[in-house]
Structures are given as C-alpha cells and as structure tokens.
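Trainee: So the chains spell out like this:
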Amino acid sequence: MSTQTPDTDSETEQPSSTSPQERRMAEKQARKEQREADEAAAANEIQGETVELKVFRYDPEIEGKEEPRFDSFTVPFEKGMTVLDALIYARDEYDSSLTFRHSCRQAVCGSDAFFVNGRQRLGCQTQIADLDGPVRVEPLPHQEVVKDLVVEMDHFYDQMESVDPFFDPDETPDDELEEQRQDRENREKVKLSTRCIWCGACMSSCNIAAGDNKYLGPAAINKAYRFYMDEREGENKRQERLEIIEAEHGVWRCQTQFSCTNVCPKDIPLTEHIQELKREAVKQNLKFW
Amino acid sequence: MYEHDVIVVGGGGAGLRAAIAAHEEGADVAIVTKLHPVRSHTGAAEGGINAALQDGDSWEDHAYDTMKGSDYLGDAPAVDTFAQDAPEEVIQLEHWGMPFSREEDGTVSQRPFGGLSFPRTTYAGAETGHHMLHTLYEQVVKRGIEVYDEWYVSQVAVTDEDDPNERDCHGVVAWDVQSGEIAGFRARDGVILATGGLGQAFDHTTNAVANTGDGVAIAYRAGVPMEDMEMIQFHPTTLPSTGVLISEGVRGEGGILYNSEGERFMFEYGYATNDGELASRDVVARAELTEVQEGRGVEDEYVYLDMRHLGEERITDRLENILHLARDFEGVDGLEEPMPVKPGQHYAMGGIEVNEHGETCIDGLYAAGECACVSLHGGNRLGGNALPELLVFGARAGRHAAGADMPEPKIETGPEPDAEREDLGVPVGEPGAKEAAADGGAVENPASDPKAVVEATAETERERIETLLEREDGVNHADVRADLQESMTENVNVFREEENLKQALRDIQDARERYQDVYVADKSRTFNTDLQHTIETRNLLDVAEAITMGALAREEFRGAHWRKEHQERKDDEYLKHTLVSWNDGEPELWYRPVILEGDEQTYEPKVRSY
Amino acid sequence: MAQRYSSFSSGSTAWLLQRITAAFLVVVLAFHFFNLHFVTHAYEIEFAGSQARMQNVGYFVTMILFLLTATFHGVNGVYNALVNQGIDGVQKRIAQVVLGAAALLLVVQGIRVANTLAGF
Amino acid sequence: MSQSYDRGLIEDFGRWREFTAGMWAWVFHKFTGWVLIGYLFTHIAVLSTSMQGAETYNQTLSGLEGLALVRLLEVGLLAVAVFHILNGIRLLFVDLGVGLESQDKSFYASLVLTGVIVVASVPTFVSGAF
Ligand SMILES: Cc1cc2nc3c(=O)[nH]c(=O)nc-3n(C[C@H](O)[C@H](O)[C@H](O)COP(=O)(O)OP(=O)(O)OC[C@H]3O[C@@H](n4cnc5c(N)ncnc54)[C@H](O)[C@@H]3O)c2cc1C
Ligand code: HEM
Ligand code: SF4
Ligand code: F3S
Ligand code: FES
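In order, the protein sequence lines correspond to chains A, B, C and D. Residue 277 in full-length UniProt numbering sits at position 277 of the first sequence; the count goes up by one each step and never skips. Residue 292 in full-length UniProt numbering sits at position 292 of the second sequence; the count goes up by one each step and never skips. Residue 114 in full-length UniProt numbering sits at position 114 of the third sequence; the count goes up by one each step and never skips. Residue 90 in full-length UniProt numbering sits at position 90 of the fourth sequence; the count goes up by one each step and never skips.
No wet-lab data here; the hints were simulated from the structure. Since the structure is predicted, the reported quantities are computational estimates derived from the model, not experimental observations. One or more of the hints may lead you astray.
List of simulated lysine-lysine pairs, DSS-like, C-alpha gap at most 25 Å [what the hints assert, rightly or not]:
| # | chain 1 | residue 1 | chain 2 | residue 2 |
| --- | --- | --- | --- | --- |
| 1 | A | K237 | C | K92 |
| 2 | B | K523 | A | K54 |
| 3 | A | K214 | B | K570 |
| 4 | A | K237 | A | K287 |
| 5 | B | K410 | B | K502 |
| 6 | B | K606 | B | K570 |
| 7 | A | K283 | A | K191 |
| 8 | B | K142 | A | K237 |
| 9 | B | K564 | A | K65 |
| 10 | A | K189 | B | K142 |
| 11 | A | K54 | A | K189 |
| 12 | A | K65 | A | K32 |
| 13 | B | K576 | B | K502 |
| 14 | B | K523 | A | K191 |
| 15 | D | K30 | A | K214 |
| 16 | B | K523 | B | K410 |
| 17 | D | K30 | C | K92 |
Listed next, with one range per pair, are the computed distances between beta-carbon atoms [said to hold, decoys possible]:
| # | chain 1 | residue 1 | chain 2 | residue 2 | range |
| --- | --- | --- | --- | --- | --- |
| 18 | C | V57 | A | D170 | 25 to 33 Å |
| 19 | D | K105 | A | E243 | 34 to 42 Å |
| 20 | C | F120 | D | L73 | 42 to 50 Å |
| 21 | A | D170 | D | I89 | 48 to 56 Å |
| 22 | B | D479 | A | E243 | 53 to 61 Å |
| 23 | D | V122 | C | V57 | 29 to 37 Å |
| 24 | A | D170 | B | E490 | 55 to 63 Å |
| 25 | B | E499 | A | D132 | 47 to 55 Å |
| 26 | C | N35 | D | G66 | 16 to 24 Å |
| 27 | A | D158 | B | E253 | 41 to 49 Å |
| 28 | B | H324 | D | V122 | 49 to 57 Å |
Cβ coordinates follow ideal geometry from the N, Cα and C atoms, glycine included.
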C-alpha cells in the first residue's frame with residue numbers, strides 16, 4: 001500500500017473550515033441544549049438519583065405544626081451534595097417555611113449542628129453520599145426546640161460564658177508594640193482546644209449534660225482548658241480557673257462517655273482535655289495537704 | 001425601646017472591635033446582630049493579618065504595597081492610617097490572647113503573602129479569622145458588653161432632611177428573629193454598621209449565606225452613597241458545589257491547573273507564561289473562565305486543580321485542611337483525584353462611603369469592615385489586608401462614636417452638588433419611585449425629638465412587615481434571588497462587557513418589579529427565616545444594581561475590574577471613585593477624585609506588575 | 001474548704017477516693033470471689049470455715065477494709081449517679097442523708113458480723 | 001423567649017440504638033455498679049444470720065445455695081462483678097489519660113473477656129445444684 005494515500009481522505013471529508021475550537025464550541029452548544037432539555041424535564045419530574053429527607057417539623061404558632069411531625073422531601077441528588085444543600089433545596093423549592101440555622105457552609109460558623117441519622121453532625125459537613133437513606137434530620141437532642149430544626153442555644157452560651165472564657169493575664173507588656181512570648185510547645189498544647197466553633201454538638205450528645213443542667217459540659221470545659229493551659233496567664237487567674245473547673249458541676253460530672261469526642265466536628269479530644277483537668281485538679285489539691 | 005450610647009450593628013471582626021473601642025472610651029455599648037457573633041463570617045478567613053512588625057519592615061512599605069495593590073484607587077489618608085495603626089492593633093490582639101503561630105523564640109510568626117514586599121502576614125494556623133473572631137468575642141464577654149443576638153436590623157432611624165449631608169441618625173430598628181418582636185434601638189451617640197460582605201448577590205461565592213449586604217443597602221437607602229461598588233474580587237479556586245475556598249497554598253506548594261483536555265492551560269494558552277498557576281488572582285480567574293467559555297471546561301463549568309503529584313506525605317503535612325475541605329464539601333479525595341475548582345465571588349472592595357474615622361455623611365452613622373469603603377483596597381484587596389482593616393477602622397469608628405477627640409478627617413463624604421455625574425441610559429432604581437416616596441429611605445419625621453424619630457421608623461417597619469406577612473399570594477423571594485444571582489454571575493462576573501452589564505441592569509429592573517409582589521409563605525412570628533430572607537433579597541437588589549452601575553460607568557481595566565472593550569488602565573480619566581446615591585429611589589452615579597497625597601509620600605501611579 | 005474533704009462533697013477528693021478504692025477493690029473483689037467460689041465453693045461454706053478464715057488477722061483486716069472501701073465506693077458512686085441526673089436542693093440533701101445513713105448502717109452491721117464470725 | 005416544645009422522654013428512649021461504645025460502657029458500668037452495691041447490702045444481711053448462731057448461719061447458707069435460682073443469680077453476679085472490674089480498670093486507665101484513642105476497643109475487650117470468664121466459671125458455680 002502506498003504511504004501517500006493514508007488519512008488525507010478522511011481528513012478532507014471533515015469540513016475543512018472547522019477548527020478544533022469551533023468543534024468544541026459546537027459540542028458545548030449541544031451539551032448546553034441537552035442540559036436545558038434535562039432541566040426542563042426535571043422541572044416536571046425529577047430524573048436520576050434522588051434523596052429522601054425526613055425532617056422534623058414543629059412550630060408553636062402554626063396550626064398543624066404545634067404537634068411535632070416529620071415531613072418527607074424528595075430532593076435530586078448531585079455529587080458532592082451535603083445535608084445542608086439538600087435542606088436548602090427542600091426549603092427553596094418545596095416549603096419556604098422550613099426553618100434551620102445556617103450561614104458559612106464550610107464548618108466554621110457552627111450554626112447547623114443537627115441530629116442526622118442518629119448522630120450529631122454539621123449539616124454542611126456531611127455528605128449525603130455517606131449516609132443511608134432516607135436521611136432523617138432532627139434538631140439537636142436535649143435542647144428545647146424553637147421551631148423545626150432550630151433549638152434554643154441560650155443555655156449552651158450561658159455555660160460557655162460561665163468559665164471566664166477570656167484571656168486574663170496578671171499583666172501585659174507596657175509597650176504597646178511588645179508582644180508576650182509563648183513557646184511553641186505551649187501553643188501546640190492549647191491548639192486543638194482553640195478550634196471549637198460553639199456548635200453545641202458535644203453538649204447535645206452528652207447524657208450527663210442532658211440530666212444535669214448545671215453541668216458545664218464538654219465545650220465549656222474545653223474552653224476552660226484552653227485558658228488554664230495557656231502559660232501566658234498568671235498564677236492568680238490560674239487558681240480562679242481551677243475553682244471553676246473543679247466545682248461540683250464542673251469536670252467531676254463527666255463520666256467519660258466519649259460521645260462528645262465522637263461527634264465533635266473539629267476533632268477536639270474533649271474527653272482527654274476533661275480528664276487532664278481532673279488530674280490537674282487532684283494534683284493541685286494534693287499540694288495543699 | 002432599647003437605649004444605649006452606641007449601637008453596633010454586626011458582631012463580626014469589625015463590629016466586635018468597634019464595640020470594645022467604644023466601651024473603652026466609656027460608652028454604654030450594645031451589639032445588635034442577626035447571627036450570634038461567633039457565627040460571623042470573619043471566622044472563615046484562613047490566611048492571615050498583615051502588619052509591619054519586624055525590623056526591616058515599615059508602615060510606609062505596607063502602605064506602598066497596599067496602594068499599589070489597589071491599582072491606585074485607594075485614598076492615601078486611609079492607606080496611611082491603616083498601615084500606621086495595624087501593628088498596634090495586631091499586638092493588641094496578641095495581648096488579648098489570640099493563639100498566633102509562633103517562632104522558636106516565642107514571637108509571632110509572619111509569612112510572605114501575594115503582593116507584599118515583606119513577609120508581614122501574621123497568622124494562626126490555617127484558621128486565622130476563626131481565632132481573631134473568637135478572641136475579640138472573648139474580650140466582649142469579659143467587658144460585659146450587651147449583645148442582642150439574632151436580632152435583624154432592617155432600618156436606621158434618620159431624620160428626613162432633604163440633603164443627606166444634613167441628616168442625623170438616632171438609632172436603628174431591629175426585629176427579634178426568635179420572637180418576631182420589632183423594636184427601636186435608640187443610640188444616644190452613634191450607630192456603627194459592621195454588617196460584612198455582600199457575596200450573596202452572586203450565585204457562586206466564598207461568602208456566607210448571611211452575607212447579604214444589609215448594612216450597605218440600609219445606609220444607601222438612608223442617603224449615604226455607595227463607593228466603588230464595581231470592585232469585586234473573585235477568587236480563582238473555589239469548590240464548584242459550595243463555593244468553599246481552596247487557599248492559594250495549594251498552588252503555592254506546586255498544585256497544577258488542568259482543563260478538560262488535560263492541558264496545563266496557564267502555560268499552554270499563554271495566560272501567564274512566567275508565573276503559571278501562581279499568577280495573581282484575577283489573571284488566574286480570567287484564564288479559568290476563558291477555558292470554560294471556549295469549551296475546555298470540565299462539564300462546562302470548572303477546571304481541575306491537581307496536587308496528587310506532590311505526594312501524600314507533603315500533602316498531609318502542609319495541606320491537610322485542603323484534603324478535609326475537598327472531602328467534606330465536594331466529596332472528592334484530593335489524594336486520589338484532582339479537585340474541581342472555579343472562580344467565585346470573594347470580597348467587595350467597595351461599600352458604604354466613610355472617612356478615616358468611619359463616619360458617613362449622616363451625623364451619628366458610622367460604618368466599618370467589609371461593608372464600608374474608606375477606600376483602602378481601591379481596585380483590588382491584597383490578601384491579609386481585610387482583617388487588619390476590621391481592627392483599625394473598627395476601633396476608630398468605635399472611639400469616634402463614643403466621643404473621643406480625633407483630628408479632622410482628610411477624606412470627604414456625602415453627595416456633592418457639583419460633582420461630575422453620569423447618565424447610564426438604562427432605567428435603574430425603584431419602579432414608581434417618582435410617584436410614591438420610596439420605602440426604606442428617610443422616613444417622614446416631622447419630629448426632631450430623637451426618640452420620636454426612632455419610634456416612627458419602628459412603626460413604618462412594623463407596617464412593612466405586616467404587609468409582607470398579610471399577603472396571601474405572590475412571588476417567592478427565592479425565585480427573585482435566584483434569578484438575580486444568576487444574572488449577576490452571567491453578566492457582572494470576572495468578564496464585563498457593555499451589553500451584558502446593560503442586560504444585568506434590565507434583569508435587575510425586572511426583579512425589582514417582581515419583588516413588589518413578593519410574599520412570605522410562612523406566617524409564623526417565631527424564627528421566620530422566610531421573612532428574613534425576603535428582606536435580605538431586597539437589599540441584594542440594591543447592592544447588585546450599584547455594582548452593575550459602577551461596572552458600566554468605569555470604562556477601563558483597573559484592579560479586579562476588567563472591561564472587554566477597555567483593556568487598559570486610564571489614569572487620566574478614571575483616577576476617581578464611582579459613587580452611587582439612592583436619591584430617594586432614583587439612583588444617581590457620580591464621581592469623586594482619588595486622594596494620592598499621603599502623610600509621607602505622594603503615591604505615583606505605576607504599572608501594577610509582579 | 002472543709003466541706004470539700006467530706007466524702008459527699010464534690011471535687012477532687014471524692015473523685016480521687018473513688019479511683020483509689022476502685023484500684024483496691026479490683027484486687028480484693030477478685031480475691032474474694034476467687035476464694036469463696038473456686039478455692040472454697042460457695043455451697044460448702046459453713047460457719048466453722050468462715051470463722052477459721054476470720055480468725056486470721058490479715059484476712060479480718062482485709063475484709064474490714066473491703067467493707068469500708070466497697071461501701072464508700074458504692075455509695076459515693078450511687079450519689080454521683082444521682083447528681084449526674086441533676087438532683088438538686090432538697091432532693092440532693094435527702095440523697096445525702098439517706099445514703100449516708102445507709103452507708104453507716106452497712107458498715108456498722110458489717111463490722112458486727114465480722115466480729116461475730118471472728119468470735120470477738 | 002418564645003414558647004418551645006420539649007421533646008421530653010421520647011427523645012431519650014429509643015436513642016440507645018444510636019449509642020456508641022463509650023455510652024454503652026457507661027450504661028453497663030452504671031448498671032453493674034448498682035447491682036454490686038445492692039448485692040453488698042443483701043450480702044451483709046445474709047451474713048448477719050451468723051449473729052443468731054452457727055446453726056442458723058449454716059442453714060441459711062446451704063438453704064440458699066441449694067436453690068438453683070440462687071446459683072444462676074450467682075453466675076449473674078459474677079458476670080456483673082467481672083465486667084465492673086474489667087471496665088473499671090479500663091476507666092482507671094482513661095482517668096490516667098492512657099489509651100484514650102482505643103477506648104472503644106478496650107470496652108469491647110472487657111465485654112469479651114467477661115463473657116469468656118463467665119462461661120468458663122459456669123461449671124464451678126452450678127456444680128451440684130442440678
Ligand atoms: C473564605 C474567606 C477567606 C478570607 N480570608 C482572609 C484572609 O486570610 N485575610 C484577610 O485579611 N481577609 C480575609 N477574608 C476577608 C475577611 O474575612 C472579611 O472581609 C471580614 O471578615 C469581614 O468582616 P466584617 O466584620 O466586616 O463582617 P462579618 O464578619 O461578615 O460580620 C458581619 C456581621 O454583621 C451581622 N449582620 C449582617 N447583617 C445584619 C443585619 N441586617 N442586622 C444585624 N446584624 C447583621 C452579622 O450577623 C455578622 O455578625 C476572607 C474572606 C472569606 C470569605
Ligand atoms: C464491691 C465492689 C463494688 C461495688 C459495690 C461497686 C459499686 C459501684 C457503683 C454503685 C458505682 C456507681 C455507678 C454509677 O455511676 O451509677 C461504681 C462506680 C465505679 N466503679 Fe465500682 N463497685 C465495686 C467494685 C469496683 C471495682 C473492683 C472497680 C475496679 C476498678 C470499680 C470501679 C469503678 C469506677 C472507676 C467507678 C466510677 C464511675 C465514675 O464515677 O466515673 N468498682 N461502682
Ligand atoms: S467542642 Fe466540638 S462539638 Fe463541642 S461545641 Fe466545640 S466544636 Fe462543637
Ligand atoms: S459525652 Fe459527657 S460524660 Fe464526659 S466524655 Fe463527653 S462530657
Ligand atoms: S453552615 Fe456554618 S457550620 Fe455549617
């Protein structure tokens with residue numbers, strides 16, 4: 001066979017004016033039309049994979065919602081979809097009265113801790129693909145429900161604020177531009193504890209916190225840990241902090257259930273911190289003997 | 001009615017810093033915020049806080065970098081003040097216990113950042129904003145400053161003088177999300193708006209769902225001009241499904257961008273033959289979109305950011321949080337697959353026009369943080385410059401509002417009768433504004449008694465909300481919002497063309513018409529987010545319109561603002577800010593010259609190349 | 001401060017004692033079970049055998065300690081469990097009194113039994 | 001504050017299905033602890049018969065030991081005691097901050113070990129009763 005004939009034929013068969021660029025544009029156009037057609041079809045009937053959501057509903061003011069119930073929503077599934085995405089879809093497309101807190105969509109604001117398929121999780125941090133359907137979304141247990149998935153957070157905030165959650169050194173450098181030194185080990189020590197986003201998941205998962213309203217709870221104790229362990233604070237404040245930590249409803253109430261540690265979306269070793277403070281309290285008190 | 005000396009609207013970095021400053025001046029301060037302070041979007045910032053702290057660095061250099069970064073659309077007095085105050089503010093944070101990353105000797109670490117001539121970015125791991133926000137909130141708790149959380153501010157109470165420059169602000173009207181109660185908040189000394197960003201005007205953004213530009217729209221309708229609204233920063237690497245930011249660190253470590261054909265397009269198509277993936281944000285963002293527009297995008301939507309070749313060890317060591325982000329928010333394992341990314345709205349350089357003390361043209365009304373525009377970032381914000389802005393100008397606004405003695409400001413504010421005006425030739429503003437006095441603007445307040453002004457404003461707000469709730473049928477705000485976001489992303493994105501911008505303005509007009517029939521399906525008074533979002537959508541319409549108006553007026557390429565028909569910076573024509581005034585429902589666009597004479601140096605516009 | 005050192009007080013002492021008694025009980029309880037079910041079988045126990053064991057001073061002392069630690073540990077444990085359930089005020093006071101009395105009763109009666117068995 | 005609905009007990013019961021290892025450990029430890037203290041009281045009560053003389057003591061004991069039910073209960077007691085001991089040791093380690101990452105595994109280990117010990121002891125406990 002001659003080597004001269006080869007593919008030229010087939011090449012000329014293609015309209016020679018088509019550059020790869022134009023071909024792609026044409027393809028893009030075709031894909032766009034396909035997508036639009038799909039969307040139009042989807043408007044009537046959801047095609048493809050769907051997720052079934054069962055969402056807790058309650059509103060003290062609205063007839064028919066005073067008695068808590070579960071509503072089902074069928075939402076089209078997309079790769080990468082989170083529980084929060086699905087809730088937003090359900091709200092915007094089906095029922096605009098569906099109520100839940102959310103803001104950042106990236107696990108930093110701590111607004112959207114829900115009870116999803118039997119576990120406290122952040123809606124925005126939970127991939128639907130990782131869950132078994134139907135996905136059951138309830139408000140955080142052990143907290144009063146305000147409406148739908150919104151729970152009363154005041155108690156949680158009160159506990160957080162009861163541990164003097166602020167840096168309070170005995171003295172700071174006089175010079176406005178002089179910093180306090182902190183060695184790296186000490187920063188590492190408190191690092192994990194500073195990651196808390198106040199989502200309340202831990203508190204909701206702890207059975208002791210559920211029974212004993214005065215219990216500080218894992219998040220607040222962790223906050224106390226963050227400052228107690230910070231070497232930049234002085235001896236006096238340390239002593240004050242110890243008193244808060246070892247009060248009757250402080251660390252002693254923890255029964256090492258570990259559920260707080262299990263659910264914390266920021267992977268803070270809460271139980272470990274609580275235990276460390278218990279030992280610290282014992283150590284400090286033994287010194288008095 | 002609630003009463004305090006200073007009312008701070010917003011509990012993000014700027015609001016908290018302002019409240020602390022006012023409290024230190026001895027004022028009785030309250031923070032009114034629609035989210036609990038720790039939920040604010042300041043917590044999302046990852047990178048760092050710039051300040052000239054070390055020997056060998058100077059505030060002048062920081063100011064110079066900032067001005068250059070702004071593409072000479074910053075005002076020198078703002079830039080200088082900022083660079084001078086930043087070090088003290090950062091050390092102040094340190095004194096408040098912020099867990100900064102440290103050097104061996106125990107001092108605060110600083111790292112290099114894009115556009116900076118010196119490594120002056122302080123940081124706390126990959127979650128600087130989180131730590132800054134929490135440290136500030138802790139100090140607020142320590143001082144016992146009152147916080148009204150989950151109270152949505154929907155109006156400022158302003159006297160009804162014709163000229164906005166003559167108006168006085170006496171407080172705000174807010175609404176308790178939990179109970180539905182609508183109440184006036186009288187501010188004896190001042191109201192400080194610190195409501196953050198407006199990313200929700202776009203459908204793809206790194207901003208939070210709560211970033212709806214409320215403060216900007218509220219101040220705007222009360223008569224304060226919006227400045228440089230067209231200057232919107234887009235970040236090149238955000239996850240397509242949620243807009244979560246993938247930090248520059250990935251590209252810094254050697255991450256590579258590919259298109260759907262597997263080509264390393266930054267080089268192959270000549271977008272940045274030297275720097276490749278590490279070119280500046282706007283260059284990379286435009287390159288990505290060009291790829292997608294020319295049909296080489298994956299699913300016609302995004303491109304790939306690949307870091308697999310860096311090896312598991314290096315990735316887990318330096319980029320571990322990126323693995324989590326890709327996993328949690330996109331369902332992608334960065335060790336196994338490339339990560340999908342596309343450009344997303346990131347930051348608004350423009351906002352409520354204020355001077356160095358955070359004052360607007362309305363007496364007693366201040367603004368600070370992302371919602372404000374002191375003209376610090378001009379055409380483009382440098383990474384790590386927003387957080388110190390919150391501190392510097394938050395503190396200054398707080399102090400001034402509480403009555404501290406401060407020098408005469410050098411920056412002017414407020415509508416000017418003789419300013420150069422622009423007619424865009426496209427209808428904008430509130431449909432039917434001519435006939436009816438526009439809603440939301442200065443309420444008719446014959447009374448001059450401050451409390452009566454607040455009460456009257458609260459009353460109009462009650463009526464407005466009543467009307468929204470009573471309507472049994474109509475348009476759902478979510479549809480209006482979705483259409484608006486879509487049009488903004490389509491037309492007022494990284495690429496801006498005259499025809500598209502005009503289209504966007506027409507779409508906004510259309511949306512405004514539809515919004516007049518909006519109704520709230522949820523009739524409950526308890527935690528009615530449907531109502532809240534409906535009101536927010538209104539604010540988005542106003543800010544989106546101003547963004548587009550500015551973009552249409554500015555016929556040049558400066559900073560983040562790129563115009564297809566005008567591919568170069570025009571210093572002789574456009575060394576000026578665009579301002580949009582509400583003008584009781586008939587928005588007007590006008591200009592004010594940029595101030596380039598600073599304390600120490602007069603900045604000479606130079607070509608911005610790195 | 002003094003209150004902290006009572007066995008019913010919250011705080012580190014009770015917590016620590018609960019752990020120390022636990023550590024002690026591990027050994028003694030295991031020994032006790034082993035001794036009375038495997039070495040001597042429970043169904044073979046007779047007064048004489050018990051008496052013989054009790055007359056060994058070491059054994060007697062161990063059993064008394066066993067009684068004291070187990071009582072403290074058990075009663076303090078129950079009290080903790082109740083506080084964990086959130087009892088407060090009067091309820092808590094009642095729990096303290098009742099549990100205290102029960103503990104006392106148990107210890108007194110236990111010692112009397114031990115004495116009888118030992119033949120004192 | 002708005003009126004709010006308390007889901008009350010519905011939420012607490014039925015949640016056990018969602019308990020994780022640490023929670024179960026806590027529940028079991030609590031339960032076994034209560035059984036043990038309960039037993040301690042009974043135990044002392046039974047032994048008190050010795051104060052009425054050796055005869056009564058012997059009769060009571062052999063009478064009780066003669067009952068198959070008591071023998072079975074004793075096996076239960078053993079199970080309870082062994083679990084409480086093993087999990088108690090686990091808790092002591094947790095208190096010392098040792099092995100917190102494998103707290104779930106050590107709980108399962110306590111369970112398995114308890115099972116093994118109890119099964120192995122059954123012959124000794126019930127011999128002669130049936
Ligand atoms: C993903 C991401 C990363 C970033 N990284 C950096 C970085 O590394 N370095 C840097 O310098 N900058 C960074 N930025 C920019 C910077 O974080 C923001 O500009 C800044 O945090 C804005 O702070 P703020 O206080 O103005 O607003 P926010 O923190 O958004 O706070 C706004 C507050 O106002 C309240 N509010 C809003 N509307 C109302 C209303 N109607 N009524 C009552 N209250 C209201 C809200 O509840 C909230 O408390 C980043 C931004 C994003 C999105
Ligand atoms: C006669 C023996 C024993 C009795 C009567 C007994 C009884 C109890 C009781 C009633 C509790 C409280 C449970 C609850 O929280 O509801 C408890 C807790 C506890 N027991 Fe025991 N126990 C005994 C032996 C042991 C042994 C041998 C150990 C071994 C280590 C042990 C370790 C613990 C620990 C660590 C707790 C603490 C739970 C806490 O407060 O966190 N116990 N015990
Ligand atoms: S400790 Fe973890 S679970 Fe608890 S509030 Fe903080 S982030 Fe949430
Ligand atoms: S769940 Fe509760 S019991 Fe302790 S370990 Fe966590 S606080
Ligand atoms: S939305 Fe902010 S944590 Fe989920």
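Trainee: Hint by hint, say whether it matches the structure.
Mentor: Here is how each hint holds up against the structure:
1. A:K237 with C:K92: 31 Å, violated
2. B:K523 with A:K54: 22 Å, holds
3. A:K214 with B:K570: Answer violated: K214 (chain A) to K570 (chain B) is near 65 Å, above 25 Å.
4. A:K237 with A:K287: Distance of about 18 Å is within 25 Å: holds.
5. B:K410 with B:K502: 35 Å, violated
6. B:K606 with B:K570: 12 Å, holds
7. A:K283 with A:K191: 23 Å, holds
8. B:K142 with A:K237: Given pair K142 (chain B), K237 (chain A) holds - Cα atoms ~14 Å apart, limit 25 Å.
9. B:K564 with A:K65: Measuring from Cα to Cα gives roughly 54 Å; hence the hint is violated.
10. A:K189 with B:K142: 23 Å, holds
11. A:K54 with A:K189: 41 Å, violated
12. A:K65 with A:K32: Outside the cut-off at roughly 42 Å; violated.
13. B:K576 with B:K502: 22 Å, holds
14. B:K523 with A:K191: 45 Å, violated
15. D:K30 with A:K214: Satisfied, since the Cα-Cα distance of roughly 21 Å is no more than 25 Å.
16. B:K523 with B:K410: 49 Å, violated
17. D:K30 with C:K92: 19 Å, holds
18. C:V57 with A:D170: 25 to 33 Å: Between V57 (chain C) and D170 (chain A), where Cβ atoms are some 56 Å apart, the hint is violated.
19. D:K105 with A:E243: 34 to 42 Å: Holds, at about 36 Å.
20. C:F120 with D:L73: 42 to 50 Å: Violated, since F120 (chain C) and L73 (chain D) (Cβ atoms, about 31 Å apart) do not stay within the stated range.
21. A:D170 with D:I89: 48 to 56 Å: 42 Å, violated
22. B:D479 with A:E243: 53 to 61 Å: 56 Å, holds
23. D:V122 with C:V57: 29 to 37 Å: 35 Å, holds
24. A:D170 with B:E490: 55 to 63 Å: 58 Å, holds
25. B:E499 with A:D132: 47 to 55 Å: For E499 (chain B) and D132 (chain A) the Cβ distance comes to about 50 Å; the hint holds.
26. C:N35 with D:G66: 16 to 24 Å: For G66 (chain D) against N35 (chain C), whose Cβ atoms are near 21 Å apart, the range 16 to 24 Å holds.
27. A:D158 with B:E253: 41 to 49 Å: Holds: the Cβ-Cβ distance is about 43 Å, inside 41 to 49 Å.
28. B:H324 with D:V122: 49 to 57 Å: 50 Å, holds
In summary, the numbered hints that this structure violates are 1, 3, 5, 9, 11, 12, 14, 16, 18, 20 and 21.
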